[in-house]
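K.L.:
Sequence:
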Amino acid sequence: MPTLSPSNFDSAYAHMIAGAIPLHSDDVDKTVFMVAQDVLGTAQMHLLVATDVANAMVYYFAAPSSAFASIPLFHTPLAAALPGHPHHRGDGVYFLEGVNLSVAVEKRRDQIRLIANSSDVMRQWLADQNTLPVIAADDFEPWAMESIPGAYRRIADGISLRTARYASIVAGLALLAYFVAAIGTSVLNAAADSGNQRHMHAVNEAITRIDFVSPLSQQVARLQRVSALVVRAGGWIDEYELRNGTEKFVLMMPAWITRDYIDALGPRVEADQSTDENLVRVALGVPLPGTTPVPRAAPAKPLQPRK
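For the sequence shown, position 284 matches number 379 in the numbering used here, and the numbering has no gaps at all.
Among the clues, some could well be false.
Label-pair ranges, simulated between beta-carbon atoms [to be verified]:
(1) Ser100 / Gly329: 19 to 25 Å
(2) Pro117 / Ala239: 21 to 27 Å
(3) Pro349 / Ser120: 40 to 46 Å
(4) Pro101 / Leu383: 26 to 32 Å
(5) Ala164 / Gly329: 37 to 43 Å
(6) Arg327 / Pro228: 21 to 27 Å
What the hints contain is simulated information worked out from the structure, not anything from laboratory work. Cβ atoms here follow ideal geometry from the backbone N, Cα and C, with glycine treated the same way.
Kindly produce the complete structure, drawing on both the sequences and the hints.
P.N.:
Following this line, the structure appears as structure tokens:
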């Protein structure tokens with residue numbers, strides 16, 4: 096894997112997210128794409144997907160393709176955090192240090208998240224880790240993140256290669272029946288092209304249509320959106336609950352965040368200074384200390400007339 100320049104390293108990892116969804120019988124790649132599209136806000140993205148059949152989970156990395164404008168081929172050794180990678184060591188914090196920016200992937204049971212921040216902040220964060228092992232990923236085998244157009248080309252190339260091999264075998268075995276073989280090859284090529292067009296049409300529908308396959312996908316997408324925004328701001332999720340369609344959370348965010356960050360979380364979100372002057376407490380559905388309603392005294396009973 097070629098060494099990335101500091102600017103390319105920062106561009107690639109600063110916009111990357113990691114997530115997990117339950118494995119199901121429907122189109123897993125389509126579900127991952129739709130969840131990542133909702134979080135990133137774009138259909139033009141690079142993806143890396145790994146399936147953990149033993150634990151019925153699917154893990155993925157995703158980033159907008161604009162982050163790779165100066166990187167023709169992007170391979171990441173942090174793929175070692177994904178089950179199925181030859182260097183995967185189970186739960187842990189897989190760490191990769193850059194010049195200005197450092198990045199870590201935290202894998203814990205069926206959850207995974209990507210954290211990127213300045214090298215100094217990340218070193219301090221890693222020093223505070225005492226529940227998971229810290230694993231340096233620099234020398235691990237890098238896996239490529241594939242763009243959606245790249246997936247199109249891979250599918251088309253695979254169909255063309257299989258068709259060409261089949262046509263060669265047919266031609267070799269039926270040399271004496273040249274005309275019959277030529278006609279058969281033409282028919283096969285036409286069928287392959289038709290199948291390729293149907294597949295491309297299905298993939299295009301998956302890209303242009305946002306139709307979550309289950310309520311669980313909607314819930315995962317919402318959690319991913321909140322988590323991605325908090326991570327980009329350098330904060331963390333203190334509490335999160337989604338029950339019967341009602342969402343509640345408490346987030347700890349740096350004091351420097353602007354109103355745009357809070358507005359991005361949706362209406363009815365409130366913010367207040369925490370006990371730490373460097374942090375802001377942001378909440379939805381959970382009263383803040385400064386906004387807790389004052390209980391009203393019960394109304395006095397009317398005086399009864401004396402008899």
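K.L.:
Okay, which hints does this one fail, numbers in order?
P.N.:
Checked against the structure, the hints that fail are numbers 4, 5, while the rest are satisfied.
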